[in-house]
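K.L.:
Each chain, letter by letter, is given below.
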Amino acid sequence: MSASVLFDAPGPRARSWTLVGNIVGALVVLAVAAWVLVQLDSKGQLEPQLWADAVSARTWQYYLIPGLLNTLRAAAFAIVGSIVFGLVFGMGRLSQVSLVRGVSGTVVEFFRAVPVLLMMVFFYGLFGQLLPGVSDKAFLAVVVALILYNGSVIAELVRSGVGNLPRGQGEAGLAIGLTPGQTLRSIQLPQALVAMLPAMVSQIVVVLKDSALGQLIGYQELLRTGQIVYSADGNPLQVLTVVAVVFIVLNLLLTVVAHQLSRLLSSRTAGQTIEGTGIGNPTAVAAGAGGPNNI
Amino acid sequence: MNDYLSGLGALLQQYDVLGAFWTNIQLTFWGALIALALGTLLALMRISPIASLRWAGATYVSVFRNTPLTIIMTFMVMGVWTALQIQLADNFEDNFFRLAVVGLAVYHAAFVCEAIRSGVNTVPLGQAEAARAIGLSFLPAARLIILPQAFRGATAPLGNTLIALLKNSTVAAAASVSWETSSTMKTMIEFNPNYLWEIFAVFAIGYVILVIPIGLLTTWLSQRLAVKR
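Same order as they appear, the protein sequences are chains A and B.
The first sequence runs 1 to 295 under the working numbering.
The second sequence runs 1 to 229 under the working numbering.
No wet-lab data here; the hints were simulated from the structure.
Computed from a predicted model, the values in this text were never measured in an experiment.
For glycine and all other residues, C-beta sits at the position ideal for the given N, C-alpha and C.
Incorrect hints may appear among the rest.
[As the list claims (entries may be wrong)] Some chain B residues judged to face chain A by a derived CB distance under 7 Å, without partners named:
#1 Ala51
#2 Phe64
#3 Thr67
#4 Pro68
#5 Thr70
#6 Met78
#7 Arg98
#8 Pro157
#9 Ala164
#10 Lys167
#11 Lys186
#12 Thr187
#13 Tyr195
#14 Ala204
#15 Gly206
#16 Tyr207
Please model the entire structure based on the sequences and the hints provided.
P.N.:
In structure tokens:
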């Protein structure tokens, strides 16, 4: 933070002003926190019993941990599937054949535009008709919807990763007599994949968060099992807080991994390692990004 | 064939599909407005010289960016409304709608903040130094020099967040806004499973029609507004 250029290196007067501002700011933050606690208390939401029920061994053993395992199971299948989907359609968008390019482009743009929840609802209905004997239709619907959306995002990452490589990489491949396809597979893709690895880890955060949408079609993931707990114990605020904290901790760990990867790998590729925006299209970065860091 | 078409026609008349899309557009509009205001405030906090405000802004962003929107929406109804008895309107429909708008806004404000911050990163050092050289302190410099250029640079990520917000407005289903698109589609599929593909096509194409122009517009704007350096 000392390198920030938005404000001058403070002199004695500015330092005292900053100190005052700091104390006032801290007081405001504490006042807001205190106000929230008072409100919670006045509605009886700070009762120790409500919180104890939300974190009791029984809650974890029978509800939250099985739910978390289901969340992780759906996310794991979805991540592997979307990497395969993303590689296939990302390479399709870079193909020399215009038909393949056009079809891959349409598929990717379509699945990026349709909300994941609509896809989940549709596939839940579809699997209900196609696979009447299968019991885990909600799981399949969650995984397929997540694969189609996140796979399309990864396809965009592949395309922009190859596009962001210096032109010389592709030209060198062609110059030593490789075909365009060989150049893509053995020169451009390996470097693009290294460059996009941090953004792909950020995408896992999106997959984990979106898996909670499965609750709306009845998949027994962490939020759903949490709902079962609070509808019996009558402590929705407490249980939802616990569930949210589990998600936040998992996602923060992944964010740290993405950040470290981005630093580690930037010397391993001719491209630029980006971490992804964590929402929508990760390749939508600010115009002229990569300039001097002001913050 | 005639039966098929008349059945589909009757289905589309029976359910208010356009009204459902209008609900999502309204959710998006109000959500985006509040998220933009809150996100700008958070971005200002995160670049300010005051450490406690920087810390508060960073904490807000890492909490809300990492919580699933579905949990926030469920929390708005079960936590804020049921447990804390905070009501935002007298009738049920308006109440759920406003709770959903607040849920969408607090979630997307974190992403707006990060988009603006990435825009601030595109403003060259010299701009901030020039602002200081002519004697502007932090707030005037931010208001007159940094933020106007930051917003221009942030057009692409802000547009990206707006598209995500439009698509995420379907999660209002978790906040009991049962007349928006995903809930309407679910009901239609439940009662008319023989038209499954057609129903999905109608809603999916609706979103494609809404999303693609926003994408094209923000790409065009981001090129047009980019400060030429």
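K.L.:
The structure should be examined with respect to each hint, and the outcome stated for every one.
P.N.:
Hint check results:
no.	hint	verdict
1	Ala51	holds, 6 Å
2	Phe64	violated, 9 Å
3	Thr67	holds, 5 Å
4	Pro68	holds, 4 Å
5	Thr70	holds, 4 Å
6	Met78	holds, 4 Å
7	Arg98	violated, 18 Å
8	Pro157	holds, 5 Å
9	Ala164	holds, 4 Å
10	Lys167	holds, 4 Å
11	Lys186	holds, 5 Å
12	Thr187	violated, 10 Å
13	Tyr195	violated, 10 Å
14	Ala204	holds, 5 Å
15	Gly206	violated, 9 Å
16	Tyr207	holds, 5 Å
The structure is inconsistent with the numbered hints 2, 7, 12, 13, 15, although it conforms to all the rest.
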